[in-house]
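Undergrad: So the sequence lines, in the order shown, correspond to chains U and F.
According to our numbering, the first sequence is numbered sequentially starting from 1.
According to our numbering, the second sequence is numbered sequentially starting from 1.
Check before you lean on any hint, since a few could be wrong.
FRET-style restraints, in silico, Cβ to Cβ [as the list claims (entries may be wrong)]:
| no. | chain 1 | residue 1 | chain 2 | residue 2 | range |
| --- | --- | --- | --- | --- | --- |
| 1 | U | 188 | F | 13 | 19 to 29 Å |
| 2 | U | 148 | F | 247 | 34 to 44 Å |
| 3 | F | 15 | U | 164 | 18 to 28 Å |
| 4 | F | 5 | U | 70 | 48 to 58 Å |
| 5 | F | 57 | U | 184 | 16 to 26 Å |
No wet-lab data here; the hints were simulated from the structure.
Even glycine gets a Cβ: it sits at the ideal position worked out from N, Cα and C.
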Amino acid sequence: MVSKMILSPDQAYLNGLVQNDGTILRQLYAAFFPRISTFIQQNQGTQDDAQDIFQEALMVIYHKAKEEEFELTSAFYTFLYSICKNLWLKELRKKSREGVTIREEMVYTEDAEIEEAIHRRARARLYRQKFQALGEDCQQVLSMGFSKKPMVEIAEVMGYASPEYARKKKFTCKDKLIQMIKSDPIYQELADNG
Amino acid sequence: MDNQPSQTEQIAAYLDGTLSPEDHAAFEARIQQDTALAQEVALHREVHETLSDTVEPQLEAQLQAIGDEYAAPAAPVTTAPSQKFPRWIWAAAAAVALIAAFFIFSPGGSPSGNDSEAVFAEVFQPYPALQTVRAEDDSGRVVSSIETAMRTYEAADYATAISQLQQITEEDPAYTRAQFYLGNSYLVLEKNDEALAAFDAVLNQSSNVFHEQAAWYKALTYWQDGSTRRCKGVLKDIQAGGGSYAQAAGSLLEKL
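Could you put together the complete structure from these sequences and hints?
TA: See the structure below:
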């Protein structure tokens, strides 16, 4: 018998996200977007809102799926729907300050795992945003550092006098990045709610 | 620039695993006692993980592009050759492409007899549970009972799905949708004879949307059962048909 390693569709969706597989991503859209779109549009959203929420939810799942210990304990769609619902509620709450009323049936269901997953993705966005705000030199040095390039090579590429200078530069840039992240109110908000 | 390592350098050395065993243990002890340091280390680790990840920005861009395609006026549902099938058929078409892609683009080349199992695992996955979006399906049947069975199937509870699908097919043996998923459920549970009977029930209906899929899964059932010759026979028919599975069938024939 040869079916010991059957890949379920739900697992295929997770793999497709982690591997950025266009075929599977298109299937994900075809299978699930219409339902999510209906849900968003029935709850004061537009088609564009639905696109944004759907894509963001998939990015949240991407982060979860990369975790070694992650196991899908519900159907993929159930997980996706829960994340979309929570993301959309957050949006509605923001909008409620602008006069939008949240319908009673959109009751918020607290789920620590989903909340943390949403926060993890939000932190990743913040880190990339701050990285983009660094000077070009710092971005280059840190990128090479993240790729584990040796200091000799970094010094050569950047035209620095020595590998030691490249090392110091790398840590100066990293300090700067960390400070920029920590001083952003969004980081504080995420840390407080984490 | 002084010679004392900064906290950032110490954290980097700790995370890179370049501290001596003694220093590593001492640093871990500090983390245990100092919450602020522990948070700092966690932040550095997460920043490193995020910015080392080259897939995330690519995935984001690709999802955006697919979303744009989906929102475009020339989306597949409007350019379809026919409007007579319900919307879920486009998900079925995507699933065909998915299964074919798993096979065609999977690494590893031709399997020897020893890695046939691994290749089978790559090729085979139960057909996705496609959603019914109308009160009746394309043959006019009420879908409430099939919806229940599909939810069970989607939850990978194949044994229960079999019993639910059987109730439907007993009432209406010509209901191809139920027969098709019944076949898939049996195939997962390695009940090959029953799977073949269900797929044949689909194939015996002259025209239905699961025809080619049923043939593909019938071929896989023969393969699972060790009947390579019969598997090849079905694959040749699929290839000759020139449909959505033709390329995948040709690739599998070459490998077999």
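Undergrad: Which hint numbers doesn't this structure obey?
TA: The structure conflicts with hint 4 only, although it agrees with all the remaining ones.
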